[in-house]
Amino acid sequence: MINKYIINFILLFKSLFVRFGVDPNQLRIILNTKMKMDDRRPNVYNQQRKKQHKEVNNSSWLTMFFLALTGLVFTIILGVVKAPYAAHTIYFSAFMVMLAITLISDFTSVLIDVRDNYIILPRPVSEATFTVSRILHIGIHIEKMAFAIAISGMVFSFWQGTVSGFIFLLEVLIATVMSIFLVNIIYLVVLKITSPQKFKDFISYFQIIFSVIIFAAYYTLPRLINASVLANFNIKEFKVLAFIPPMWLAALHELAVNFKTADGLTFIYAALALITPVVSLYLVIKVLAPGFNEKLSAISASGDDATIVSSEGKGASRGFMNKLAAIVAPKPIENAGFKFTWLLSSRYRDFKVKVYPAFAYVPVYFLYFGFMSKKGSLAQNWENMKDGNMYILLIYLTSFVLTTVLQNANMTDKYKASWIFFTTPLKQPGEILAGMYKAIIIKFYLPYFSLISVFSIIFWGPKVINDLILALMVGFIYGILVALFRVKGLPFSQPVNLKKGGRVFISFATMLVPVGIGFLHHWAAKWEWVITISAILMTGAALLMFNYYRKESWENLEMAD
Amino acid sequence: METSQLPIISIKNLKKSYGDKQVLKGINLDIYPGQVIGYIGPNGAGKSTTVKVLTGLINDYEGEVLMYNQNIQEDILAIKAQIGYVPENAEIYDVLTPLEYLDFVGKLYGMDEDQIAERAMKLLKAFGIDGNADQRMDTFSKGMRQKVLLISGIIHNPKIIILDEPLSGLDANAVIMVKELIALLAKEGKTIFYCSHMMDVVEKVSDRILLINQGEIVADGSFEELKAGGDQTLERIFAKLTGKEEGNQEANDVLSALN
Numbered sequence: 001m002i003n004k005y006i007i008n009f010i011l012l013f014k015s016l017f018v019r020f021g022v023d024p025n026q027l028r029i030i031l032n033t034k035m036k037m038d039d040r041r042p043n044v045y046n047q048q049r050k051k052q053h054k055e056v057n058n059s060s061w062l063t064m065f066f067l068a069l070t071g072l073v074f075t076i077i078l079g080v081v082k083a084p085y086a087a088h089t090i091y092f093s094a095f096m097v098m099l100a101i102t103l104i105s106d107f108t109s110v111l112i113d114v115r116d117n118y119i120i121l122p123r124p125v126s127e128a129t130f131t132v133s134r135i136l137h138i139g140i141h142i143e144k145m146a147f148a149i150a151i152s153g154m155v156f157s158f159w160q161g162t163v164s165g166f167i168f169l170l171e172v173l174i175a176t177v178m179s180i181f182l183v184n185i186i187y188l189v190v191l192k193i194t195s196p197q198k199f200k201d202f203i204s205y206f207q208i209i210f211s212v213i214i215f216a217a218y219y220t221l222p223r224l225i226n227a228s229v230l231a232n233f234n235i236k237e238f239k240v241l242a243f244i245p246p247m248w249l250a251a252l253h254e255l256a257v258n259f260k261t262a263d264g265l266t267f268i269y270a271a272l273a274l275i276t277p278v279v280s281l282y283l284v285i286k287v288l289a290p291g292f293n294e295k296l297s298a299i300s301a302s303g304d305d306a307t308i309v310s311s312e313g314k315g316a317s318r319g320f321m322n323k324l325a326a327i328v329a330p331k332p333i334e335n336a337g338f339k340f341t342w343l344l345s346s347r348y349r350d351f352k353v354k355v356y357p358a359f360a361y362v363p364v365y366f367l368y369f370g371f372m373s374k375k376g377s378l379a380q381n382w383e384n385m386k387d388g389n390m391y392i393l394l395i396y397l398t399s400f401v402l403t404t405v406l407q408n409a410n411m412t413d414k415y416k417a418s419w420i421f422f423t424t425p426l427k428q429p430g431e432i433l434a435g436m437y438k439a440i441i442i443k444f445y446l447p448y449f450s451l452i453s454v455f456s457i458i459f460w461g462p463k464v465i466n467d468l469i470l471a472l473m474v475g476f477i478y479g480i481l482v483a484l485f486r487v488k489g490l491p492f493s494q495p496v497n498l499k500k501g502g503r504v505f506i507s508f509a510t511m512l513v514p515v516g517i518g519f520l521h522h523w524a525a526k527w528e529w530v531i532t533i534s535a536i537l538m539t540g541a542a543l544l545m546f547n548y549y550r551k552e553s554w555e556n557l558e559m560a561d
Numbered sequence: 562m563e564t565s566q567l568p569i570i571s572i573k574n575l576k577k578s579y580g581d582k583q584v585l586k587g588i589n590l591d592i593y594p595g596q597v598i599g600y601i602g603p604n605g606a607g608k609s610t611t612v613k614v615l616t617g618l619i620n621d622y623e624g625e626v627l628m629y630n631q632n633i634q635e636d637i638l639a640i641k642a643q644i645g646y647v648p649e650n651a652e653i654y655d656v657l658t659p660l661e662y663l664d665f666v667g668k669l670y671g672m673d674e675d676q677i678a679e680r681a682m683k684l685l686k687a688f689g690i691d692g693n694a695d696q697r698m699d700t701f702s703k704g705m706r707q708k709v710l711l712i713s714g715i716i717h718n719p720k721i722i723i724l725d726e727p728l729s730g731l732d733a734n735a736v737i738m739v740k741e742l743i744a745l746l747a748k749e750g751k752t753i754f755y756c757s758h759m760m761d762v763v764e765k766v767s768d769r770i771l772l773i774n775q776g777e778i779v780a781d782g783s784f785e786e787l788k789a790g791g792d793q794t795l796e797r798i799f800a801k802l803t804g805k806e807e808g809n810q811e812a813n814d815v816l817s818a819l820n
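The listed protein sequences derive, respectively, from chains D and W.
The numbering used here applies: residue 1 is where the first sequence begins, and numbers increase by one.
The numbering used here applies: residue 562 is where the second sequence begins, and numbers increase by one.
Worth flagging that the hints you see were computed from the coordinates, not collected in a lab.
Just so it is clear, the structure is predicted and the values come from calculations on it, not from any experiment.
Cβ atoms here follow ideal geometry from the backbone N, Cα and C, with glycine treated the same way.
Please note that the accuracy of each hint is not assured.
[To be verified] Cβ-Cβ distance ranges computed for the label pairs, FRET-style:
# : chain 1 : residue 1 : chain 2 : residue 2 : range
1 : D       : F66       : W       : K720      : 46 to 52 Å
2 : W       : Q775      : D       : L11       : 45 to 51 Å
3 : W       : D781      : D       : V496      : 35 to 41 Å
[Stated by the list, open to error] No more than 25 Å apart at the CA atoms, straight line, and that leaves these computed lysine-lysine pairs for DSS-like:
# : chain 1 : residue 1 : chain 2 : residue 2
4 : W       : K576      : D       : K192
5 : W       : K703      : D       : K36
6 : D       : K14       : W       : K576
7 : D       : K352      : D       : K488
Excised from the complex, chain D in its bound form:
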């Protein structure tokens, strides 16, 4: 077992750990157990096995394989960008960001395993042992990932020369350590200053903001940073970048390959690269870690019991949401579905984390397809966009929000609570679904669409109003199609990540609907009367479809085992 060798290697530094107050034997067994559990934890790459009720083994190895593929893409930067200083800065920025994302997404399952509070903390394990084991565990976990991402870059660097190869190894090591501690320090600091309940929210919002940034960077940066510009540009001129650790790492490489021409600044950066990991280790263990565990147990102790008094939850018939529900979904079962979806969608964190980023993706996609991806200068594309009918792209992109909400509205970690649907005499689940659909439309789609509409009217003028109505109706119809063919489940009733095999074709086909109609719309946009008539027809169609959807029967639904 490779895990065993890794642990043996770490315990070579036994005396260092003992100085920090760590019990090496306990450390060994904690690490060993945690790594064993990681290998058995189902993840994105092997759900299929889990579904077939096979035991999951070696799941971390499969993840590594996919990360290695991503790493290959990064390596291309190293090859393409001719200035090594800039190339290394970019490579390690991508590298650290990738690692940080992995770390954050694994955080709740690996780093804060609340079960630790009941299983490890009541045992005679010192705080130092516990903290160090936690840091080392995540360290090994990340180091494996880091290795996977970096393997192609490593081969490339050794191919360039032995020195640059070894320096690359050093850079990877330091980049990894810094990513770990960066994220660690963020969490520790946040734990120190906020209450446990807020901490959970913080993690979710952090994840949301982070994924939006990554997404935006992925689509826009390549266009903004032109590779030919980078080749001749001196990255050191950008003094702001001095605060970015990848810059320091790149300095290490620069020193190794261009030692003679290196200036004082490069030496300072290189020194920073070497010192920072040591300093962060000290900070985490001595300054931030004490009290961390108690805070963690407070998180699990308080759980979700914090009094969530929201405007929606006041009594059974007061408050905005209840009044709204009574108006748009007056039938009792539909009303139940409406309120259920509305309330749970604001309270399940996993739902929010997955859905909220979609709102930001739309403008990013729009900017990307609208003018970033086109040839010609940005200013020129901007003018073109204003004169043309690009608003059609924008308003059809909003259906992406609708799909995302719909796809996530039937999944949750707490799906087992949905037994209530199956033990109550519910004859026609379509009524619940109709309520759910209305809640999703009113809570998520309409406000978002209105915002986009206001923007479009200001930007392109009132002539877009009929287009907006048409697109909205198409959005409704598309949403129902998605709900009918792809999301066949009651709200919040299915486990997360259950892959739906065998329906790739249908899901692809449903995606073609808004794309196709969008193009038709684009083509027909010059005849205003066509748009107006289509808008009226589509409104009728949407109503018909909705009535059909309302009659959805049990036979057509998918249920969790």
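Fit chain W to the supplied structure of chain D, relying on the hints for placement.
For chain W alone, kept in the frame of chain D given last:
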């Protein structure tokens, strides 16, 4: 008992607040070796908080907690090594097998591998789940997991055993077995701190019952003493002391709400 001179656990004026809500309002308590303490009280009375203080999970409290005449805050690790704890919420690393899990827990107590393996097998056999020793626990029923948790709480042969609803999910035979086990452990001189809502079990297993209500101990004594010559069940005494004597009335209210 000659040892009864020296309390094994001694709690003095223990107070604990969450925010401005005071959960424990000055608990005073001496527990002697070999006692089986039944710790009862309504939801939110402060039972779990007391248990968390005793197991070292909560450190910021007012007052003093002594075990073996030593303040537990001085050397919490030495204290934890003497305690076996079976938590209420049944958290367990369920991708492990029982043997792997017990090996893990045993080693945290500093036991050596062979000893753990031997004991674990014997204990699993005694609880009737030795056939599942090498299966991952994610497929286990609640009762089977509870058995593994119970074993993990006693595998290091602790002197103090803290059980929080240890019978949840167990079938009738296992309940009888655990009740017997508690009696035997007490006879061995172990001190058992038993938290539960199941009054009939507490009534039978405990030789001293503590009733906590709103952060204060409102009754302390053997079942006989609590009855005070009357012919009541523990349930009745519980209802009386926690101010819910009119249980009949409440049941009637429930019924009338349906009509």
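Verification of the hints:
no., hint, verdict
1, F66(D) with K720(W): 46 to 52 Å, "holds, 50 Å"
2, Q775(W) with L11(D): 45 to 51 Å, "holds, 50 Å"
3, D781(W) with V496(D): 35 to 41 Å, "violated, 48 Å"
4, K576(W) with K192(D), "holds, 24 Å"
5, K703(W) with K36(D), "holds, 23 Å"
6, K14(D) with K576(W), "violated, 40 Å"
7, K352(D) with K488(D), "holds, 20 Å"
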